[in-house]
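Undergrad: The opening residue of the sequence shown carries number 237 in our numbering; numbering runs sequentially from there.
For the record, the hints were derived by calculation from the structure and aren't laboratory data.
Heads up, a few of these hints could be off.
[To be verified] With a Cα cut of at most 20 Å, we get these calculated DMTMM-like pairs of lysine to aspartate or glutamate:
hint, residue 1, residue 2
1, Lys321, Glu540
2, Lys365, Glu246
3, Lys365, Glu486
Quantities reported herein were computed from a predicted structural model and do not represent experimental measurements.
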Amino acid sequence: MVVETTQAVEQIAHLMRRAGFGATRDELDALEAQGYDAVVAELINPSDTSAMPDDIIRRYHHEQSGMMGQINPGAYWLYKMISTKAPLVEKMALFWHSVFATGYPKITQGKVLSDQIRMFRRYGMSNFKTLLIELSRDPAMIVWLDNHDNHKGAINENYGRELLELFSMGVGNYSEEDIKEASRAFTGWTLGNTEYMALRGERDSIWPYGRIAWHFEYKPEDHDEGEKTFLGQTGNFNGEDIIDIICQQEATARFISRHLYDFFVAEEPPVPAWPYSQPRDEAAIQTLMDPYFDSGYEISAMLETLFTSDFFKNDEGIRFIRVKSPAELVASTLRLTGEFANRPRREILDRAMQMNYMGQTLNNPPSVEGWHQGMEWIDTGTLVERLNFATAQLGDVNKPGVRTMISRVASESDGVISSARLVDTCLDAMGVVAVSDDTREALETFAAKRGDLSVDADNVSDAAEEHIAQMFQMIGACHEFQRA
237 MVVETTQAVE QIAHLMRRAG FGATRDELDA LEAQGYDAVV AELINPSDTS AMPDDIIRRY
297 HHEQSGMMGQ INPGAYWLYK MISTKAPLVE KMALFWHSVF ATGYPKITQG KVLSDQIRMF
357 RRYGMSNFKT LLIELSRDPA MIVWLDNHDN HKGAINENYG RELLELFSMG VGNYSEEDIK
417 EASRAFTGWT LGNTEYMALR GERDSIWPYG RIAWHFEYKP EDHDEGEKTF LGQTGNFNGE
477 DIIDIICQQE ATARFISRHL YDFFVAEEPP VPAWPYSQPR DEAAIQTLMD PYFDSGYEIS
537 AMLETLFTSD FFKNDEGIRF IRVKSPAELV ASTLRLTGEF ANRPRREILD RAMQMNYMGQ
597 TLNNPPSVEG WHQGMEWIDT GTLVERLNFA TAQLGDVNKP GVRTMISRVA SESDGVISSA
657 RLVDTCLDAM GVVAVSDDTR EALETFAAKR GDLSVDADNV SDAAEEHIAQ MFQMIGACHE
717 FQRA
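Use the sequences and the hints to build the structure in full.
TA: Structure follows, in structure tokens:
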């Protein structure tokens with residue numbers, strides 16, 4: 237007997253895997269009652285943005301108050317991913333963190349990087365023009381791309397170049413002269429709170445009053461007030477004017493649309509290949525470009541179009557094809573098993589390190605290109621780490637989420653569960669996981685070795701719990717569980 241799931245539940249499960257970090261089976265029941273469009277609306281405009289409170293986290297982890305080092309800001313963000321009531325907010329922060337990649341080795345202070353993630357939470361689904369302005373004022377980005385060294389009469393082109401190449405338009409849509417003119421417009425956009433360090437002769441000092449208190453400061457005396465010509469327009473431009481012109485470009489709409497498609501729908505080649513490769517779905521890219529202009533550059537309008545489109549909602553061919561990033565895998569598994577459901581725990585540092593071993597250290601992307609996605613997450617070492625993490629979590633019957641899933645599987649029994657039905661009920665209980673025929677055959681073969689399961693739904697024995705948890709572990713080791 238096959239466990240029946242409605243099309244609506246399957247669509248919502250797919251939505252929650254991509255727009256969030258998955259959903260438990262009980263959560264899917266509640267979301268189905270709301271309806272797909274209402275769930276999309278709530279994701280984009282959440283009525284409840286609460287997550288694990290900072291004061292509670294800091295009682296357990298004092299370093300997640302100062303956030304001076306490299307590991308604790310990532311562990312703190314992991315808490316937010318697994319406890320948030322507004323998962324798309326965190327997912328968009330993760331999306332922009334990869335697009336606007338900013339890392340620890342050059343910043344050497346975790347607080348300003350964590351502050352940048354907070355900025356992504358605030359503006360990640362807002363107007364793209366607003367987001368680019370906030371990015372240009374962000375202290376971590378100013379240092380990461382050297383705009384504090386961009387002066388009137390002595391420009392530094394790093395930020396101007398990456399703003400055009402990797403943050404908004406892409407190669408082939410601007411000239412070297414445009415880069416220079418943009419850089420001139422961003423002179424004077426620098427850091428405040430540097431006087432103390434300068435007096436000490438410690439411009440790059442970290443301790444004790446330096447980088448922790450960085451903030452944006454505009455210095456008009458250091459801004460180039462001369463006339464500039466940028467993308468065919470001429471004027472006495474400042475940084476806001478440059479961003480306004482960028483947002484008007486069709487290339488910008490296309491660039492952001494392709495990024496959204498790559499992250500939420502199906503894998504595209506790495507960004508450097510985009511000038512030479514066509515999108516996987518040209519019609520979908522155009523569909524996303526339209527609301528960009530119609531709404532006046534609102535990212536939320538693009539997301540609503542994406543999540544309600546046929547190419548996302550109804551195309552079963554894109555489900556379970558996108559390899560979860562380590563952050564997505566760890567967060568989604570922890571939300572399923574409930575390890576941190578009630579309070580902070582020291583083990584969050586272990587989970588953050590496990591994510592690192594899988595190849596992703598939050599707040600430390602490998603380059604300005606961010607992380608390459610898809611199968612590039614997988615190699616012989618990272619695959620072992622992924623499987624070990626998932627199976628250890630899903631096989632622990634003491635975790636509250638695992639116990640809830642076991643109870644759900646047991647409730648489907650009339651005393652005996654056949655091996656084939658055990659596979660179906662476990663796949664359903666783990667959030668409506670769909671698997672290929674080959675995977676199902678392998679799972680059923682494994683289940684058949686132990687035979688039918690005798691289980692009392694009102695009093696599940698230790699042996700029955702172990703039997704069911706072993707099936708959870710096998711599903712966690714399947715490639716479909718490692719994908720969204």
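Undergrad: Against this structure, judge whether each hint is valid.
TA: Comparing the hints with the structure gives:
This hinted pair checks out: Lys321 and Glu540 have alpha carbons roughly 19 Å apart, not beyond 20 Å. Proposed proximity of Lys365 and Glu246 is contradicted: the alpha carbons are some 35 Å apart, above 20 Å. For the proposed pair Lys365 and Glu486, the alpha carbon gap of about 14 Å is at most 20 Å, so the pair holds.
The structure does not agree with numbered hint 2 stated previously, though it agrees with all others.
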